[in-house]
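Q: Here's the letter readout for the chains.
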Amino acid sequence: MASKFGLAGGIPERRVRPIWDAVDSRQFKNALKLSTALLSKYPNSPYALALKALILERMGKNEEALSVCLNAKEILCTNDSNVFVDDLTLSTLQIVFQRLDHLELATSCYEYACTKYPNNLEVMMGLFSCYVREYSFVKQQQIAIKMYKIAGEERFLLWAVCSIQLQVCCGNGGGKLFQLAEGLLKKHIASHGLHEPEALSVYISLLEQQCKFGDALEILCGKLGSLMMIEVDKLRLQGRLLARAGDYVAAADVFQKVLVLCPDDWECFLQYLGCLLEDGSIFIKDSDPIHPLKSTECKNFQISEELFDSRMSQAVDFVRKLMVEANDNSARCPYLAHLEIERRKLLFGKGDADKVVEDLMQYFIRFGHLACFTSDVERFLEVLDYNKKSEFLKKLVKECVGSVSGPTKELGQSITVFKIQNSIGDLFALPVNDLEDIAVRMIEMFCKNLPLSKELDVQESMHGEELLSLACNVLVQLFWRTRDLGYLLESIMILEFGLAIRRYVWQYKILLVHLYSYWSSLPLAYERYKSLDVKNILLETVSPHILPQMVASPLWADLSDLLREYLKFMDDHFRESADLTFLAYRHRNYSKVIEFVQFKERLQRSSHYLMAKIEAPILQLKQNSNNIDEVECILESLRCGTHPLELSNEIRSKSLTFNEDLKLRPWWTPTSDKNYLLGPFEGVSSCPRENTHNQIKQTEENVVKTVEKRSLLPRMIYLSIYSASESVKENLEANGALVDSKLSLELKILLERYTKILDFSFQDAVELVLGFSSGQKPFEAPSPDLIDWMNFAVFLNAWNLNSHEIKFSDTDPSSTSTWNLVNIMFRKYVTETIRCTGPVVSSPGSHLPFLVQLVTEPLAWHVLIIHSCIRSLHPSGRKKKKGGSVDQSNTQLLHEMQNSIQSLCDTIEMVTRWLKEQLNTPDDEKVEALFSSILRNGRNDGPGKVFNILESSSSLVKDVEVGARILEAVQSWSPAGVVRNIITGQRSLLSDFLKLCELKLKSLQTVRLQL
Amino acid sequence: MVCIRKATVDDLLAMQTCNLFCLPENYQMKYYLYHILSWPQLLYVAEDYNGKIVGYVLAKMEEETTECHGHITSLAVLRTHRKLGLATKLMTAAQNAMEQVYGAEYVSLHVRKSNRAAFNLYTETLGYKIHDVEAKYYADGEDAYDMRKQLKGKKHHHHHHHHHGGGCCSADLKADEKPGSAETKTE
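Sequence lines, in order, name chains V and G.
Here our numbering is used: the first residue of the first sequence is 1, the next is one more, and so on.
Here our numbering is used: the first residue of the second sequence is 1, the next is one more, and so on.
Here chain G stands alone, though its shape is the one from the complex:
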C-alpha cells in the first residue's frame, strides 16, 4: 500500500521531517536540493495513502573517479512503517536507476559500526560487502563501514556532461558534502 516513486522538490518538506524522526543527524536543505537537482532519478520516496511520505532514499553518482559508481547518501523509514520491506524497495529502486540510467558499476554506502539493524539489511537482504573501515567517519567520532555492492554495470544509455566551474555554486556545495554523506538507518 505504499507507492515507491521518484521524489519531487515538493517532497523535500516531508523528507526532512522523516529525517528528523529517524536519524540523529539533520542535513542542510541545500544538500537535498543538490541531490535532487543533479540526480533526480536517484531520489525515491515511499508514499503512503493520503500522500504521506513515510520513507526516502537519497543517492548520488560519483563521477570523478574512473569507475562510474553510485553512492547511497541517506535512507530513512518512519518507525510506523518498518517491517514492511520499504527500505529494501527504496534501495532497489535507487540501485536500479543507478545501473539503468547512469550505468553505475557498483554502489557504495557508509554505515555506523553500531547500527546492527542497518548492517544486517545491507549484508543479508541487499548483498553489500564490507570494503573498508573509515575511522572516525561520523561527527561524534564513531567509525563507519565503507560497504559496496557490485552492479551488473549495464552499458548506459547516455552520459551527462556536467559543466562545472563558473559560478560559486558547485564549489560551495562540494564543501558541504562530507558532513552530509553520513547516516543510514533502518530496521
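Isolated chain V, as found in the complex:
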C-alpha cells in the first residue's frame, strides 16, 4: 500500500481532478456523471466508489450513498491483493460514513487497513482519529502507544498520555492510570528529553493531579522549565505549586514577583494574600465555572494573631511599594488590594470599618466615574453594617456635589452614586415619593447629557446609557409596590425611548423581553429577543430569557423555530466537536484536548439542552393533537415514547450544567421560574438581592424535576391511548380476551413516578385529586403545579379504564367516575382562573399562560384518550356489522364520553367567551385607557412625571446641540406607538389562543358525531 506519485486512490490524478473540481464548485450533477464514467473504467476501485458516495451524500441521497459506501467497504476488506487502498480512499470513506452517522463503519475500515498494512503510520493516525471521534479513550491510547513504539516520536507519546488523562477525567479510568502515564513520560524524557511547551504542561499537570507538587516543582525549575516561554506564566505556575505543596512563604515571594511584573493582576494578589494567611483554598480549582465557589470568602484563618499582624503589615508595605512604582494610572489593583487587606482585617476581628469607608472614598475619587466602580467595591461593602454603608453613601453624595471634573466624569460619578444606593438596598427602604424622585432625576440626567453623545456613531455606546436601565429598575419597583400600571408603562417607555436613539443596547432589549412577556405581549417580547440577534453558543446562554414563556404560549410556529435552531446548533456542535478535538491533537495542544472534551460534556449535560430536547417532541404532539393518527405517527418516531423516557431515566445520574448567565436577568426575575412581580411587595425584607443565591439553588433543583417530569409525558400519552382502546376492545370481545396487562402495569409505574416527582405517594396523589374535584380541597391560585396535577388526573383516568382500581362511593353524586373527576377539575380550574383574572391589558402577569397550557396540554391529551376509545368502539368497516349493538359496559362508557365531550366543550367555550370579550374591545379604546395612566392632567402624584420629561425632551433637544441623528430620533419617537404595540402584541396572543380553542372545539364536535 502506498500513495504513488500522480495516483489518487490508485487512479491517475488527471482522471479524478475534474470530479474534484466539480465537487468544489458544487456542480454535483456533473460530478456524478463524471464519477459514473470513472466507475465504468474502474468498477472495483474503492476510491472511485467512495467519490461517488461522497457526491451522492452531498446531493442528499443518503441511502444510495450508504449502499455505495458499503460496497466500497466490502471490496476494501477483501483479501484481494489487487485492491488498491490508500489514506485518501480511507479518509474519503470516513467523511461520508461520518456524515451518514455511521462512524463505526469508518472505524472498521481503518481497523482492517491497519491489520492489512501493519506499521503504516498514516493509516494508524487515521485510526487514531476515528477513535477520537468515537471518544474511545482506551483504544486511542493503545493505537497511540503502537505509533510511539514504531516512530519513537514525542507527539505520539503525548497522544497516549492525553488519552490516559481523558480516561480518568472523562471516562471511568482510575487514578492509578496516572502512574502509567507518568512512567511512560519519565522513560521518554530520560532518553530523549522533551521538546514542546505543551508536553511540559501535560507532564506537570499529571504530577499535580497526583499531588506530587515537589516533583512538579523540580521539573519546572530544572532544565525542562526553559520550555515555558512566558516568564509570568512560569512564575504563576511555580507559585501555585509551592502553595499547594504548603510552602506558603516561598509561594508568596513568587507571587510578589508576578505582581511587580503585572501590578494589575487581581487574581495574583488574592493568591499572594492567601499565601500570607496560609490559606490554600484559592488554589483548589472550581469544577463549576459558572457558579464559582467564592473561595475568597473563606474566613477560616488558622494563623495566630501575631502572625496575622506581621503578615498584614508586610502586605501593606508591599502594596504601598507597588503603588509608588506603578506609573499606570489605570491600574486599580493596588488600590483594591489596600481595601482587601482592610477587609480581611475586619473579618479577622482586627479591622476598622471607618478605615474601610475612608479607603472606599479614596477609591471613588480615583475611579468613581467608571462603570465598573460599583461591582469593584461590592465585596467591601458586604462587610460593612447598614449604618456604615449609609455613611459611605452620604459621603459619596457630598463628594459628587463638590467635585469639579469634566462633564463625562461628573456623569459617571453620579451614575455610580445611584448604583451604590441600589446596591446597598437603600432603594427598597425609601418611600414611594422619594423613589419616584430618583427615577425622575435619572431621566433628567440622561436627557441633559445627550449632547455629550452627539459625535458618537450609532454603534458606539452612549454616555449615561445605564441611567435608563437603572430608572427602569426603579419604575418596576414602584409598580410592584403600588400596582399602578402607569409605572410599568413608564418603565417600558423609557427603554423604547432609549432604543429609538440607539437601537443596539442589549440591556434595554433584555429588560423589554421580560416586561413584555410579563404583560402578555409575548409576540412583542419575541420581536425584541430576535433583535438581539442571538446565534451560536449564545443560544445556550441567552435563549433562556424567552424560551420558558414561549413553551407556555400559543406561539407554536415561533417556538418551533426557536427549538429547532437551538437544537441544530447544539447537535451540529456535538457532531463537529470530535473533528475539532483531533485538530488540537494535530497542533499538539494537548492541554486543550482535555479542556475541549470536558467542554463538550458540559454542553451535553446542559439543563437547557435537555429541556429543549424534550419540549420539541411535546410541541409536535400539541400541534397535532387534533389528529390521533398524526399523534401516533409522532409517538412511533419517538419509539412509542420510550425515547424521551430514557432521558428521564438518565437525568438523575447526570449532574446537569446551568449555563445561563443569570447576571443578565432583571432583578425581579432572578431565575426563569421566579418572578417577584407575581406576588405582593413585602417591604425591605423581601429585597430579592438577598435571596438570589437560594433562589438559584431552588431553580436548579426544580429544573431537574421538570425535565424528568416532562420526559414521562410522551410515553404516558402513548400508554393512555393504548389503554383506552384496549378497555373498549376488552368489553367488545366476549368473555374479555386477555388485555396486555404489561402496558397497563407500566402506566401505573409511570404514574407512580410522576407523583413521586411531585413529592406525593401514588395513594396520596389519588386522594388529593379526588379531594380537588369533590371540593374538599380549596382552590389555589393557578400554578404550573396544577398543570401537573391535571396531567396526572387525565392519565389516571386512562389507566383506570382498564384497571378499574379507583372505586367511587355511590353516596357522593359529584364524582361517580374518573371521567367525571377529570371533567370537574377542568371546569373548576377554568372557571376559577377566569374569575380571578382580569383582561390581560390591565392584568400584567395574568394567568393566560396557565389557561393556554391547560387547554393545549392536559385537555388535549384527554381529548386524545376519548378519541382513542371511540375509534375502538367503531373500528372502520365493522361499524355496521355489529348492528350498532354495544354491550352493557360500553353503553356505560358511551354515556361517560358523551358527558365528557359536553363538559369539555362547555369548558373551552368559557375560555373562548373570555377571549372574545377582550378581543371585542377596540384597540383604540384600550390604547387610550392605558395611555391615560401616564398623563398627569393636573394630578400631583402617581406616575407620569418621568413620561413628562421624555415628552419635553423633544422640544429640549432643539435648543441644544445633540447632533442630527439623535435629534431626528428624539423628534420622530412616538409614545403612542409604544402603547399601541403593546396592545397589538396582546391582541395577537389572544387571537392565536382563540384559534387553538376553536380548533379544539371543532375537533370535539367531530368526535361527538362519531358517537
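Be careful, since some hints might not be right.
What the hints assert, rightly or not - Calculated cross-link-like contacts (lysine-lysine; reagent style DSS-like; alpha-carbon spacing at most 27 Å): (1) K6/G to K223/V; (2) K30/G to K663/V; (3) K83/G to K409/V; (4) K807/V to K748/V; (5) K663/V to K52/G; (6) K234/V to K152/G; (7) K52/G to K345/V; (8) K6/G to K212/V; (9) K398/V to K83/G.
No wet-lab data here; the hints were simulated from the structure.
Only a predicted model underlies this, so the values are computations on that prediction, with no experimental measurement involved.
Dock chain G against chain V, hints included.
A: Frame of chain V; chain G shown alone:
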C-alpha cells in the same frame, strides 16, 4: 484589578457574550474553537473579580506565507471596563506571545475605516501603521485598513509542524475564515 490570562475553552461562553455586547458581528463558535485549539497561546481574556470576563483578544498565526506573522482576529472590551487600558494589555499579551512562542516577525490586523477609536488605539498607543486598504472588506461593504506592526522577530523556540490534510475539518474551517476575520473595537 483585572487579570489578563490565557483563555480556556470554558471561557468561550463568556467571550461570545462579550462579542455580542461589543461588536455588531458575531462569529461562529467553530471559529473560536479553531483558534483556541490551534493557537491557545494567542487567546487572552481579561477577567475581573468573581471570574467575570470583561474583554478578550483572539489572534492566530499565518503560517502559509514565507514571513511568519501573527494576525489579530478580534478584540473586545465591555463598555463597563473601558478606559482602563485593558485593550492595550490584551494586545500586548497576544503580541508578546506571537513573538516569544512563535517567533512572529510582524503582526497584522484589519480595522473599519470608520472606527476612529480603535484606529487611534492601534496607531497611537500600539504603534501600528497602515499597510494597505482593503476595499469592501466587511459584509456591509465598508473598507478596512490593513495595519501592521513590526515585532522584534526573536528567533523562536520551536515550530509546529501541522499535519494538514486527512479529515475534512481543516478545509471546512478555512472556508469560514474570511467572514470571521473582521472586527476590532475598543475605545
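Q: For every hint, state whether the structure bears it out.
A: Evaluation of the provided hints:
A distance of roughly 24 Å separates the Cα atoms of K6/G and K223/V; the hinted pair therefore holds under the 27 Å criterion. At most 27 Å may separate the alpha-carbon atoms for a hinted pair to count; K30/G and K663/V meet this at roughly 26 Å. Among the hinted pairs, K83/G with K409/V is consistent with the structure: their alpha-carbon atoms are about 12 Å apart, no more than 27 Å. Restraint check: the Cα-Cα separation between K807/V and K748/V comes to about 16 Å, which is no more than 27 Å; the hinted pair holds.
A hinted pair counts as satisfied when its Cα atoms are at most 27 Å apart, and K663/V with K52/G qualifies at roughly 10 Å. Taking the CA atoms of K234/V and K152/G, the gap is about 22 Å. The hint holds against a cut of 27 Å. Under the criterion of a C-alpha separation no larger than 27 Å, the hint pairing K52/G with K345/V is consistent with the structure, at around 26 Å. With a C-alpha separation of about 24 Å, the suggested pair K6/G and K212/V falls inside the 27 Å cut-off, and the hint holds.
At most 27 Å may separate the alpha-carbon atoms for a hinted pair to count; K398/V and K83/G meet this at roughly 25 Å.
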